[in-house]
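A.B. asks: Given next are the chains, with one letter for each unit.
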Amino acid sequence: MNRLILTLAMTATMAALFLPNRAAAQVPPPAKRAKHVRIVEAPQVEMSTDHLTIIRWTTNNPGGSDEHYGVVQYGTDPKDLNKTAKSPIRLNQGHAHTTFRVRVDELEPQTTYYYRVATEESGGRRDPLKSPISKFITPGPGERIPASPQRGRGVQPIARQ
Amino acid sequence: MKVLLQTCAVVAVPLLLVSCSGANAADPASPPTYNPYPSGILPADVESETARVQSEVQSIFQQALAEANALPPATVTGQPPTQQGSGYQSIATLGKLMNFDVNMSALKNMACASCHMPYAGFGGPIPSVNLTMIAYPGTYHFRAGKRTPPRYTYSPFFPALAYDDTAAAFFGGNFWDGRSTGYLLQSPDAEQAQHPPLDSQEMGLPDSACIAWRLSQSQYVAIFERVWGAGSLTGINFPSNTEQICSTPAGAASFGTSVTPVNLSPTDRNRANVIFDHWGQSISAFEKSKQVSAFTSKFDAYLENQYTMTSDELAGYNLFKGKGNCNSCHLDGRGTTLTPGQTDNSTAAQANPLFTCFGYTNEGLPLNPRDAFYYQTTPDALGFTPNPDGFGYRDLALGTFLRSGYGSAPNPNAEWIPLAPKSDGRFQVATARNAAMAPSQCPTTEAPGPYFQKGFFHNGYIKSLKQLVHFYNTRDVFPFAVTSGHCPAGTTEKVDCWPMPEVRNNLDMTTGKLGLTDQEENQIVAFLQTLTDGYTTPYPNIDSFTGQCTTGGTASTQGNETLIPTPPLPPCSSNVCAIAPFPNPAIP
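In the order they appear, the protein sequences are chains A and B.
Each residue of the first sequence is one higher than the one before, counting from -2 in the working numbering.
Each residue of the second sequence is one higher than the one before, counting from 446 in the working numbering.
Since the hints were made in silico from the structure, they are not lab data.
Keep in mind that this is a model prediction, so the values were computed, not measured.
Take these hints with a grain of salt, some might be off.
Okay, derived cross-link-like pairs now, BS3-like style, lysine-lysine, Cα gap no bigger than 27 Å in a straight line [to be verified]:
hint, chain 1, residue 1, chain 2, residue 2
1, B, K735, A, K32
2, A, K80, B, K867
3, A, K83, A, K127
4, B, K867, A, K127
5, B, K591, A, K32
6, A, K83, B, K735
7, A, K127, A, K32
8, A, K29, A, K80
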């Protein structure tokens, strides 16, 4: 009798272990697009070496596709921003704000670059964001501007577009 | 019109399983050991540790046999026919037998589980391998793969790989590079289980028909046919040299370019293919059961108000979904970002959040020069060279797969090929669940321990969860244009020096400079540890580890004693980087 109970208990335990679980795989839908996208922290140099600069800025959450791109259009002539750098980020649908960070590679040392920023969805749709043109100067060969930006101390805009 | 269900059959299948140990046919002769590695690349204990794991695997295989013998009689009824009452249990038990069966490798010395043991969250079970060569030795010692074994807890919950036009991104699939799409079986996990047995550097069977052959010789033919139907495993007219072929590791020069060296009639080939699909589906059923994907963590208990997080765990959770922004990819399915005074009263979006977005991202891991793959540049005794490109190989992950490229698998959707440049360097976002799982006797991944050494990310460069969080936090705070092993004097690699990414393209910038303090990093680690199964119910076989724990040191520099200088890197091989559509920008 005891053996029967033990066998039944073992069977029930093993059956429970082999039952499937309840979670379902779901790809979350994209968030609703924001009507207005505005910069709440101005673009600034987060870190810079003689060949690499990271530009960061914060906007309200633009919504749309979770995968977004920060876009930096840049060049050495403020009237001809002829290069583009893009870096992917993922929006957090629960966050009110989104920080975009873009790596701008293959820069020349000790050179002044002008740039403006934009954001776009993964499929290429631009968010309605207006950005001023700002500038940064790359350090000399082997030098580095450390990654220590202070909140609200962004590079000053030089023009409004 | 009323549809009447008819009982079509009541079948009680006597399993007649034999509870015995060892292979069921003569063990094939091993070819001479392949050792192209410089001194120090193979861990000194690789042979004893491989034997240790094999012993553990065989012990759990015996356990599975006992469970199979204890199955209640099968009752197949209804239309479509269904094994009433015990169907789930039967197929998962069959999958468990397959998963722990060492006979499913060419040389009968390696099971799926040999790289995926329960106590490691079904990830890599050998601490010294995780610490050094990161890719596991295959059936032919010591060929090895190129990446860490992904944990397969919760892998059955990933959807089939798809490009979502709305999100303009890939979701789903299995493997680090997504090459197990699930396009055919509509289960990437089931298809994933079909890859390692045929991988030349893993289980090494040279033909998928070898799975049907070895299953037909196994100790669990009866349970296979209980699940998949009488006669489903027998009746194939295998040629007399089948075992000889299946005992020759894949890639052998003697096979030439043939991928079907077992000579079968078209009818028998189709039957073997069906069995091969059942192999994958059965293993996936096991992986989806509570024996593997248990949902028994502290966090699961917390969701049901059965566990109160410690102050550090709760702080870590708030950082995870707030300042750390971890849940932008590792979705917790809940509300987020509380401001002071607010209370989280959101309901879970999913009953059991999986802590992944099923997506792909390039986090910018440095090339790990300890990866055994780089050294396999000479032919083994069978004339196979695992990696002719040596250090010219670059791991473009999803991008290479979309190109049907070197070291990956054929892409079954030509529409995806143009998306390869946008996908270069992107690896699958793993679930954060069970990242911290470790054996009972060394129940942490973090020094000073006693701890169980794991390797994190696709190339195992990161050796602790503390380092993992620190990497996300400071990758762009301490970037250096050097390769691993060459951090400048006065800096410490992984602490205040991060070598450059192996692949710069598509580098994800969600993280890299989070502004977390040291204490906040530790709190996120504490939260990650709440995602380990086994809190509400003991995790099956968590105690099956028979190896040694490690003690000493600190989590921040864990494993740094094994860093080696990356040699000068040759340009990216044309096998990888010169396949259209080309990476943009070009990869050096």
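A.B. asks: Now tell me if each hint is right for this structure.
C.D. replies: Hints, one by one, checked against the model:
no. : hint             : in the structure
1   : B:K735 to A:K32  : violated (45 Å)
2   : A:K80 to B:K867  : holds (18 Å)
3   : A:K83 to A:K127  : holds (17 Å)
4   : B:K867 to A:K127 : holds (26 Å)
5   : B:K591 to A:K32  : violated (46 Å)
6   : A:K83 to B:K735  : violated (43 Å)
7   : A:K127 to A:K32  : holds (13 Å)
8   : A:K29 to A:K80   : violated (31 Å)
In summary, the numbered hints that this structure violates are 1, 5, 6, 8.
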